[in-house]
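Could you use the hints to bring the two separately framed chains together as a complex?
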Amino acid sequence: MESQLRRYTPFRGPFDPCPPVPFKTYVVPPNQFITFQPPDLPQFSLQEALKYGTLWPALFSPYESKCKGGGK
Amino acid sequence: MEANPCDQRYYEMLEQLQTLDFALVELNLYLNTHPDDLRSIEQFNQLTQERTKLANQFQELYGPLQNFGRAYSKCPWEWNQTPWPWQV
Chain A
0 MESQLRRYTP FRGPFDPCPP VPFKTYVVPP NQFITFQPPD LPQFSLQEAL
50 KYGTLWPALF SPYESKCKGG GK
Chain B
0 MEANPCDQRY YEMLEQLQTL DFALVELNLY LNTHPDDLRS IEQFNQLTQE
50 RTKLANQFQE LYGPLQNFGR AYSKCPWEWN QTPWPWQV
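Protein chains in written order, with numbering that gives the first Met the number 0: chain A, 0 to 71; chain B, 0 to 87.
Next up, chain B with everything else stripped away, as it sits in the complex (with noise of 0.2 Å):
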């Protein structure tokens, strides 16, 4: 069944992955000017796996979330259809 994207559960895995980005941004520029912080490295690799891992799942079923050979696509190609960030 084509998973209609204006669904909740689009929204919830996309407010997740926003979620995760947003630790990910702030662990990333934390580490920086903190190389040597272990736990920081770790909960960043920890975190940066779940981030992937949702994506993975994510576009499983709502189609690519980057392109230019960032994320796989079904057939008929999936990139240039609706809804487009803007429209969600």
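Just chain A, with the same shape it has in the complex (with noise of 0.2 Å):
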């Protein structure tokens, strides 16, 4: 799978006062996949490490944040 990100469709009502949102996104980080984390995994560099929010590759996950150019 590509990315983390996944899309749904908020309900839209008859009655709903603003426009309808075309969709919403939300994350599904790695570690939801890894029940048991293995040994031995790559790790990033310590600098990496520190820069990416964690040790090993595998469990990065970016969460861009949605106001510079996300949202939509």
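Bear in mind the hints are in silico, worked out from the structure with no lab data behind them.
Check before you lean on any hint, since a few could be wrong.
To be verified - Among chain A residues calculated to face chain B with C-beta under 8 Å, some are:
1. THR34
2. PRO38
3. LEU45
4. THR53
Values in this document were obtained by computation on a predicted structure and should not be read as measured data.
From the three backbone atoms N, C-alpha and C, an ideal C-beta is built for every residue, glycine too.
Here's what the structure looks like:
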């Protein structure tokens, strides 16, 4: 699966006060698919680990912010 | 010469310390659930040694990182001198 982002369309009622939102997104991080972390996973370098927020690339979840660019 | 805390070296060492600490936290949490993973334990011990050495170097130059007996102090007493962490 390419990215951890998934999409759904919120319910649209006949009396909605605002225009309908096309879709909303949510993130499903990799740790949802790894029940028990296997040993000896490849690791980031220490500097990268600090930047990415995890020591193992397999568990990294970008979780980009919605405000710059994203959103729609 | 009294090491001025706002020089480049100060921030470099702090960042390196932060990098080591983060990796150590990750490894520690990992090892809580993987007690038999020898490779990670070796990595953890190696990083701990590195972190202790770096912390000692830092404290030698710029004063204690922690107090209440977790770090030595020169004279005059260094703990309550500026800069404090939030001022750095």
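Name the hints, by number, that the structure is in violation of. Of the numbered hints, just 1 does not hold.
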